[in-house]
Amino acid sequence: MWTWFYKLASPPYVYGVAAAFAPWLLGVAAIALCYGLVAGLAIAPLDYQQGDAFRMIYVHVPSALLSLTVYTVMAAASAVALIWRIKVGHAVAAASAPIGASFTLAALVTGSLWGRPMWGTYWAWDPRLTSELILLFLYVGVMSLRSAFEDPARGDRAAALLAIVGVVNVPIVHFSVVWWNSLHQGATVVRLGAPRMPGSMLWPLLVMWLGFMFFYGAVLCTRLQGELLNRERQAAWVREAIKS
Amino acid sequence: MSSNFWSMGGYARYVWPCFAFAGAVLGWNLWSARRLLVAAKLKARRALAMATALAGNESR
Numbered sequence: 001m002w003t004w005f006y007k008l009a010s011p012p013y014v015y016g017v018a019a020a021f022a023p024w025l026l027g028v029a030a031i032a033l034c035y036g037l038v039a040g041l042a043i044a045p046l047d048y049q050q051g052d053a054f055r056m057i058y059v060h061v062p063s064a065l066l067s068l069t070v071y072t073v074m075a076a077a078s079a080v081a082l083i084w085r086i087k088v089g090h091a092v093a094a095a096s097a098p099i100g101a102s103f104t105l106a107a108l109v110t111g112s113l114w115g116r117p118m119w120g121t122y123w124a125w126d127p128r129l130t131s132e133l134i135l136l137f138l139y140v141g142v143m144s145l146r147s148a149f150e151d152p153a154r155g156d157r158a159a160a161l162l163a164i165v166g167v168v169n170v171p172i173v174h175f176s177v178v179w180w181n182s183l184h185q186g187a188t189v190v191r192l193g194a195p196r197m198p199g200s201m202l203w204p205l206l207v208m209w210l211g212f213m214f215f216y217g218a219v220l221c222t223r224l225q226g227e228l229l230n231r232e233r234q235a236a237w238v239r240e241a242i243k244s
Numbered sequence: 001m002s003s004n005f006w007s008m009g010g011y012a013r014y015v016w017p018c019f020a021f022a023g024a025v026l027g028w029n030l031w032s033a034r035r036l037l038v039a040a041k042l043k044a045r046r047a048l049a050m051a052t053a054l055a056g057n058e059s060r
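Taken in sequence, the protein lines are chains L and U.
Quick note on numbering: the numbering used here labels position 33 of the first sequence as 33, and the sequence is numbered without any gaps.
Quick note on numbering: the numbering used here labels position 39 of the second sequence as 39, and the sequence is numbered without any gaps.
Chain L extracted, bound-state conformation (with noise of 0.2 Å):
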């Protein structure tokens, strides 16, 4: 039963994986944007109090929801290898770091251009942006640490440790609009119980968000089997796996 995850820790069997999977799912994610993109952009009805501005929700929720997915796949990657010392496990927590960052400052800017014409501001030190900046400082130093020890395998284990440690904010993110009161809409999709959006807007945005993710998905396979070749350079693998 555990087979599949003892082979997870073996690097060239994951770097043959990733190798295999990236086309495919760039593949899926190009259709599945290009087809949520028309559907959002030209055929979702307009809101009735936002009118067309509400478009900008098919690019700005998808970038929320994957900042928060690929956060927590980072911190659970980083617990798998520092509890059962699985190396892949670090590649793979560091090959998400930068994607994460990206989609967060994505969520972080679209919603600030949601912002403006709604709102009247760019930025207001709301409970939700708050959190959400915090998730991209928690990306930049994940990152910086683990770029800051001259010894690799050090570096691993302290970006993996704030890694786990900053796995706290992703739910302080997702509730914050709950717990607070907050400039920012309630959850709309990701909550207990129905979406609140009609049907015609909201197959869109699941399109969307199934394209940010198996984008994210062809972008994790392509960057991890970088990180692999960078950490396992002298192995006898790297070798056939360079050659073919």
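To be clear, the hints were calculated from the coordinates, so they are not data collected in a lab.
Owing to the predicted nature of the structure, the values given are computational and were not obtained by experimental measurement.
Glycine residues also receive a C-beta, built at the ideal position from the N, C-alpha and C atoms.
Check before you lean on any hint, since a few could be wrong.
[Said to hold, decoys possible] Computed from the model, here is a short list of chain U residues facing chain L with C-beta under 7 Å: (1) W6; (2) G9; (3) Y14; (4) P17; (5) N29; (6) L37; (7) L48; (8) M50.
For chain L, the structure is supplied; the task is to place chain U on it using the hints.
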């Protein structure tokens, strides 16, 4: 495409930069991941070539 579509109901200066930024982030992710992989393969090939050369010198 109608001008109504491009004007986004008067919100064009927010909607299009928003989508453009998200597109730039997607593009940067693809580019940087590919660059990391290509650089890692190059470094691994150099390391392999160096190891082969060193082994050749030692055998002489």
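Results of checking the hints against the structure:
no.: 1; hint: W6; in the structure: 10 Å, violated
no.: 2; hint: G9; in the structure: 4 Å, holds
no.: 3; hint: Y14; in the structure: 5 Å, holds
no.: 4; hint: P17; in the structure: 6 Å, holds
no.: 5; hint: N29; in the structure: 5 Å, holds
no.: 6; hint: L37; in the structure: 4 Å, holds
no.: 7; hint: L48; in the structure: 6 Å, holds
no.: 8; hint: M50; in the structure: 10 Å, violated
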